[in-house]
Amino acid sequence: MAVPAPVGQFFDPTRAITPRVERSVRRWVSVALTPVWSVDLDASPSSLHCHVTPGTLAVGIDQQEPTGPAVELVSTADGARRGRTTLDEALSGTEYCASSDVLLAVTDQDRVYGIEPTTVEPIWTAEATGVGTIGDGTAFLYGGRTVWADDTGDGDQKWQTVVPDDVSGDFRYADGRLVLRLGDRGDESVVALDPGTGRREPSNSRRSTKSTPLTAGCSS
Numbered sequence: 001m002a003v004p005a006p007v008g009q010f011f012d013p014t015r016a017i018t019p020r021v022e023r024s025v026r027r028w029v030s031v032a033l034t035p036v037w038s039v040d041l042d043a044s045p046s047s048l049h050c051h052v053t054p055g056t057l058a059v060g061i062d063q064q065e066p067t068g069p070a071v072e073l074v075s076t077a078d079g080a081r082r083g084r085t086t087l088d089e090a091l092s093g094t095e096y097c098a099s100s101d102v103l104l105a106v107t108d109q110d111r112v113y114g115i116e117p118t119t120v121e122p123i124w125t126a127e128a129t130g131v132g133t134i135g136d137g138t139a140f141l142y143g144g145r146t147v148w149a150d151d152t153g154d155g156d157q158k159w160q161t162v163v164p165d166d167v168s169g170d171f172r173y174a175d176g177r178l179v180l181r182l183g184d185r186g187d188e189s190v191v192a193l194d195p196g197t198g199r200r201e202p203s204n205s206r207r208s209t210k211s212t213p214l215t216a217g218c219s220s
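With my numbering as the guide, the letters of the sequence shown map in order to residues 1 to 220.
Don't read these hints as lab results, they were simulated from the structure. Note that the coordinates shown come from a computational prediction; the quantities given were computed from them, not determined experimentally. Treat the hints with caution; some may be incorrect.
[To be verified] Listed next, with one range per pair, are the computed distances between beta-carbon atoms:
{"no.": "1", "residue 1": "160", "residue 2": "123", "range": "18 to 24 Å"}
{"no.": "2", "residue 1": "197", "residue 2": "77", "range": "37 to 43 Å"}
{"no.": "3", "residue 1": "145", "residue 2": "82", "range": "35 to 41 Å"}
{"no.": "4", "residue 1": "110", "residue 2": "53", "range": "34 to 40 Å"}
{"no.": "5", "residue 1": "145", "residue 2": "186", "range": "17 to 23 Å"}
{"no.": "6", "residue 1": "108", "residue 2": "50", "range": "31 to 37 Å"}
Backbone N, C-alpha and C fix where the C-beta goes; we use that ideal spot for every residue, glycine too.
Between the sequences and the hints, there should be enough to build the whole structure, so can you do that?
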């Protein structure tokens, strides 16, 4: 028997009776919420990433699909399909930069795509483990011990620097500095960088993990 094509659905939370949601491999279905819209994706979604601004749902398309791996953008207002672009590997996360109107898509193959959210066309790509944070039209990327700043609009690199240990992925702005957590649990350190130049600033020495972990600050 043929498996039905997956359907993405949005629901009105104000009409919820019982917040119980069932999930299957091929279909996401709510048994308690009233659908606002639904869309046939013609492929299995592997992940969902919602951005209030610019009203976009980024859907990762499973790499086992004929059209995958890919990311498809859908309007959260009415479910309109904006388009789909092919990726090198499965989608692992997304971030949106409002100042440049660019959606950043990160894959499992350590690559970042800068995507125009209206046309869903890739503007630029970069090899990176992930996006630490976004600020002032700059994407702060990392991979191993390397940190660099790329312009979110065109992907041009502003600076690159090497830190003493592998970046854990947790970035934060603090007192005008870009603060990163390095190393593994039990053997961590913190380093502060000038976000404009990448120059290292004085920071604390190696410390225990009992302190509160830093979290990445990104636009939604």
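Tested hints:
Taken as a hint, the range 18 to 24 Å holds for the pair residue 160 and residue 123, whose Cβ atoms sit roughly 20 Å apart. For residue 197 and residue 77, the hinted distance range of 37 to 43 Å is satisfied, since their beta carbons lie about 41 Å from each other. Against the hinted window of 35 to 41 Å, the Cβ-Cβ separation of residue 145 and residue 82 comes to about 37 Å, which satisfies the hint. Between residue 110 and residue 53 the Cβ separation comes to about 27 Å, which falls outside the hinted range of 34 to 40 Å.
At roughly 18 Å, the beta-carbon separation of residue 145 and residue 186 lies within the given 17 to 23 Å, and the hint holds. Taking 31 to 37 Å as the suggested C-beta distance range, the pair residue 108 and residue 50 does not conform, at roughly 20 Å.
The structure shown violates the earlier hints numbered 4 and 6.
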